[in-house]
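Q: Sequence:
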Amino acid sequence: MPKDTPGDAPGEIMAETIAANLREVRERIANAALKAGRAPGSVTLVAVSKTKPIEDIQAAYDANCKIFGENKVQEMVQKWEVLPKDIQWHL
1148 MPKDTPGDAP
1158 GEIMAETIAA
1168 NLREVRERIA
1178 NAALKAGRAP
1188 GSVTLVAVSK
1198 TKPIEDIQAA
1208 YDANCKIFGE
1218 NKVQEMVQKW
1228 EVLPKDIQWH
1238 L
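Last residue of the sequence shown: 1238 in the working numbering, with the numbers rising by one and none dropped.
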């Protein structure tokens, strides 16, 4: 986990942590796919965004995560209204 440095805003630290976690998950997916004889690109990562704040979803989006899963229409609609429109939502 990134260490706090003077001047780092909490949101910046969280965004760095989210990006680092996504890199780790993608690496694990790639390794598992190769071990199973599959192309890493044949696996789709769907990030579960339910109950997560918009700032965290935006941080994941900025780290090239474009597919999110929600389980409540009301939550998804609120997020859809303010987040980038090229996000692919799964409900």
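None of these hints come from the bench; they were simulated from the model. Treat the hints with caution; some may be incorrect.
If you anchor each label on the Cβ, the simulated ranges turn out as follows [said to hold, decoys possible]:
1. Glu1171 - Glu1202: 15 to 23 Å
2. Ala1183 - Glu1228: 18 to 26 Å
3. Trp1227 - Gly1184: 31 to 39 Å
4. Lys1182 - Asn1218: 25 to 33 Å
Cβ atoms here follow ideal geometry from the backbone N, Cα and C, with glycine treated the same way.
Q: Identify every previously stated hint that the structure contradicts and give their numbers, smallest first.
A: 2
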